[in-house]
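Visitor: What follows is each chain in one-letter form.
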Amino acid sequence: MGDLSFVTNWGMFTAILGLAALGGMFSERSGIVNIALEGKMLMAACITALVGGVSGSPILGLSAGLASAVLLSLSHWALTQFYQVDHIVSGMGINLFAYGATNFIALTFIKPEVPNQFLPIPFYFGCLALSIGASWFMFSRMRAGLRLLAVGENPDKARTTGIEPLQVRLWALVLAGILCGLSGSLIVTNSGSFGDNLTAGRGFIALAALILGGWRPLSVALACLAFAAFEAAQIQFQGAPVLGYQLPAAFWKSLPFLITLIAMAGLVGRTKAPSGLGKI
Amino acid sequence: MKPLPLAMRIGILGLTCAIIVLIALMTSGANPAEVMTALLTDTFRSPTAFADTLKRFCPYMILGVAVFWALRAGLFNIGVEGQFLMGGMAGTVVALQIGGLGGVILGALAGTLVGALWALPAAWIRAYRGGHEVISTIMLNMIAFQLSNHLVSGPIMDPEAGFPTTKTLPPESMLSGIQIGDVNVNWALGLGIGIVVAFGWWLRRTVAGYELSVTGANSTAGAFAGIDVRRTTFSALMASGAVAGLGGGLQAVAFEGRFFMGFSTGYGFDALGVAILAGSNPLGIIPSAFAYGLLQQGALAVQTLHVPPGIATLILSLLVILFSAFRYAKVRHSNG
Numbered sequence: 001m002g003d004l005s006f007v008t009n010w011g012m013f014t015a016i017l018g019l020a021a022l023g024g025m026f027s028e029r030s031g032i033v034n035i036a037l038e039g040k041m042l043m044a045a046c047i048t049a050l051v052g053g054v055s056g057s058p059i060l061g062l063s064a065g066l067a068s069a070v071l072l073s074l075s076h077w078a079l080t081q082f083y084q085v086d087h088i089v090s091g092m093g094i095n096l097f098a099y100g101a102t103n104f105i106a107l108t109f110i111k112p113e114v115p116n117q118f119l120p121i122p123f124y125f126g127c128l129a130l131s132i133g134a135s136w137f138m139f140s141r142m143r144a145g146l147r148l149l150a151v152g153e154n155p156d157k158a159r160t161t162g163i164e165p166l167q168v169r170l171w172a173l174v175l176a177g178i179l180c181g182l183s184g185s186l187i188v189t190n191s192g193s194f195g196d197n198l199t200a201g202r203g204f205i206a207l208a209a210l211i212l213g214g215w216r217p218l219s220v221a222l223a224c225l226a227f228a229a230f231e232a233a234q235i236q237f238q239g240a241p242v243l244g245y246q247l248p249a250a251f252w253k254s255l256p257f258l259i260t261l262i263a264m265a266g267l268v269g270r271t272k273a274p275s276g277l278g279k280i
Numbered sequence: 001m002k003p004l005p006l007a008m009r010i011g012i013l014g015l016t017c018a019i020i021v022l023i024a025l026m027t028s029g030a031n032p033a034e035v036m037t038a039l040l041t042d043t044f045r046s047p048t049a050f051a052d053t054l055k056r057f058c059p060y061m062i063l064g065v066a067v068f069w070a071l072r073a074g075l076f077n078i079g080v081e082g083q084f085l086m087g088g089m090a091g092t093v094v095a096l097q098i099g100g101l102g103g104v105i106l107g108a109l110a111g112t113l114v115g116a117l118w119a120l121p122a123a124w125i126r127a128y129r130g131g132h133e134v135i136s137t138i139m140l141n142m143i144a145f146q147l148s149n150h151l152v153s154g155p156i157m158d159p160e161a162g163f164p165t166t167k168t169l170p171p172e173s174m175l176s177g178i179q180i181g182d183v184n185v186n187w188a189l190g191l192g193i194g195i196v197v198a199f200g201w202w203l204r205r206t207v208a209g210y211e212l213s214v215t216g217a218n219s220t221a222g223a224f225a226g227i228d229v230r231r232t233t234f235s236a237l238m239a240s241g242a243v244a245g246l247g248g249g250l251q252a253v254a255f256e257g258r259f260f261m262g263f264s265t266g267y268g269f270d271a272l273g274v275a276i277l278a279g280s281n282p283l284g285i286i287p288s289a290f291a292y293g294l295l296q297q298g299a300l301a302v303q304t305l306h307v308p309p310g311i312a313t314l315i316l317s318l319l320v321i322l323f324s325a326f327r328y329a330k331v332r333h334s335n336g
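In the order they appear, the protein sequences are chains A and B.
Quick note, the first sequence lines up with residues 1 to 280 if you use the numbering used here.
Quick note, the second sequence lines up with residues 1 to 336 if you use the numbering used here.
Just so you know, the hints here were simulated from the structure itself, not pulled from any lab data.
Please note that a few of the clues may not be correct.
[Stated by the list, open to error] 20 Å max Cα-Cα, derived SDA-like pairs, lysine to any residue:
(1) B:Lys55 x B:Val207
(2) A:Lys111 x B:Ser28
(3) A:Lys111 x B:Gly29
(4) A:Lys111 x B:Leu25
(5) A:Lys111 x A:Ser55
(6) A:Lys111 x B:Lys55
Because the structure is a prediction, the values reported are computed rather than measured.
Turn these sequences into a full structure, and let the hints guide you.
Guide: Rendered as structure tokens:
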């Protein structure tokens, strides 16, 4: 029984992290730094719960949740591309906005007595498998994917070959919004109801997985698999000794971040960021 | 695509932000005017409310300096939250051990030291390994959060308390203040203002401050002029961490008197907004920190009108976005 719950949790966390990290990948490979994964997930989680509950239709709930994440993603696009706001400042502003807005929306509009309506969880596993395959295919075989990579590596050179970076990034951020939205919806589906700061920093773990995976689809998916295992292990081993040692839950929770830090210090295989990241 | 004129672009953004706030106010179920009044004036309602605002004003000011310091070198220290937490925890533990005025001073120093230590990996990775400081400080924040929660619910927890907290410092082991009217003004506030002013002076009047600004503005030009960009980057992040840690230590010995789960209500993240709203002059940190403290006090007050406190965060985030759009546009505009 215990082993089975470990596998279920592992799969769940992999899907949550994987969807968000792939969303971040589309944004960052197109050259837009995205620390706002967390905010998009939080907003989508809140809106999915709200609209799903009020309308009684899980499909409507999910659509509205995805739309809200895409809207935040497009705000990031407009702020960084048109207003030339620093990518970090814009991302931080969006995270803050999502935190404040979801607190406001949840406490004002979500009525606890209205039953929540969610799509079945396997749907999200399908989405994850599809998006890993599709993004791998896109980046290695499709014109659109290669254009996106070109813009991310050097927007000026891409411009001289007739690619419009602004447009490529628009679509990249729409995809980022959809994927982060799916991740947020899965979080609220899994927990059953929305609460303040429900995403609890998972957007940042996804960001760490994205960096550890070197911004490449399959490696990012592997990094998510590893990080999800830590999170599942933390639930599994809570208080129980592992190989004779009593490891606190805080250790398991910190492990993804520690590993990413060590990787950044170049102690285990260095990864290279897209060189056009943050450039206009 | 031809860009719209500056005024029109900023106008569109401002209007959008205003509409969002209006929608929130109209749908909150309370009288919009009452909500705004509560948000903006609750600080001045009573001496207790004013004292609570000052308690937030002080860390906002000091952490604002921490963020500003790194920002001037072109670095985003998202890690002030973690540095503040670690500094607050170290400060409390040291002050509890030593006690008295010595405990206050050593507690603040311990906070400073631990804050700098917590920034060390990020500073080293940025200066010598080329890893982005935003990512490393986010990681360090998460670790600080886990570590401090773990320690305060076990090793350093007061066994008699019903929830994760350390023992409380006796009043004689805390930094006191002077009574002005009904309000106790803690010396930490004077220290905070002193730090802002001293930092502003340092930035404008010393070679090191100038090197910091040059590195932030154009590190290639700085390197040609003989500035050791790596060292400047490294020390800017370390100094930023030290100031943030001092903020944590002071918060512990001057206001809270203990370390507990939830010691920071997100001061470090808000401080990023404080530094951005401060504009280009470090002295701007003082009014911007006060505005943050005031709105956060208002966030508590609107709850009596059954409006969620998130509305204050929502307004602040839009202010930061609007201001940064305006500021970047202005800079680009003046550059031609």
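Visitor: Between the alpha carbons of A:Lys111 and B:Lys55, is the straight-line distance 20 Å or under?
Guide: Answer violated: A:Lys111 to B:Lys55 is near 35 Å, above 20 Å.
Visitor: A:Lys111 and B:Gly29 were given as a pair; does the straight-line alpha-carbon distance stay at or below 20 Å?
Guide: Holds. A:Lys111 to B:Gly29 sits at ~14 Å (cutoff 20 Å).
Visitor: Keeping to a limit of 20 Å between CA atoms, is the pair of A:Lys111 and A:Ser55 held or broken?
Guide: 13 Å, holds
Visitor: Keeping to a limit of 20 Å between CA atoms, is the pair of A:Lys111 and B:Ser28 held or broken?
Guide: Answer holds: A:Lys111 to B:Ser28 is near 14 Å, not above 20 Å.
Visitor: Compare the distance between the alpha carbons of A:Lys111 and B:Leu25 with 20 Å, and conclude whether the hinted pair is satisfied.
Guide: 19 Å, holds
Visitor: When you check the alpha-carbon spacing of B:Lys55 and B:Val207, does it fall within 20 Å?
Guide: 34 Å, violated
Checked against the numbered hints given earlier, this structure breaks hints 1, 6; the rest are met.
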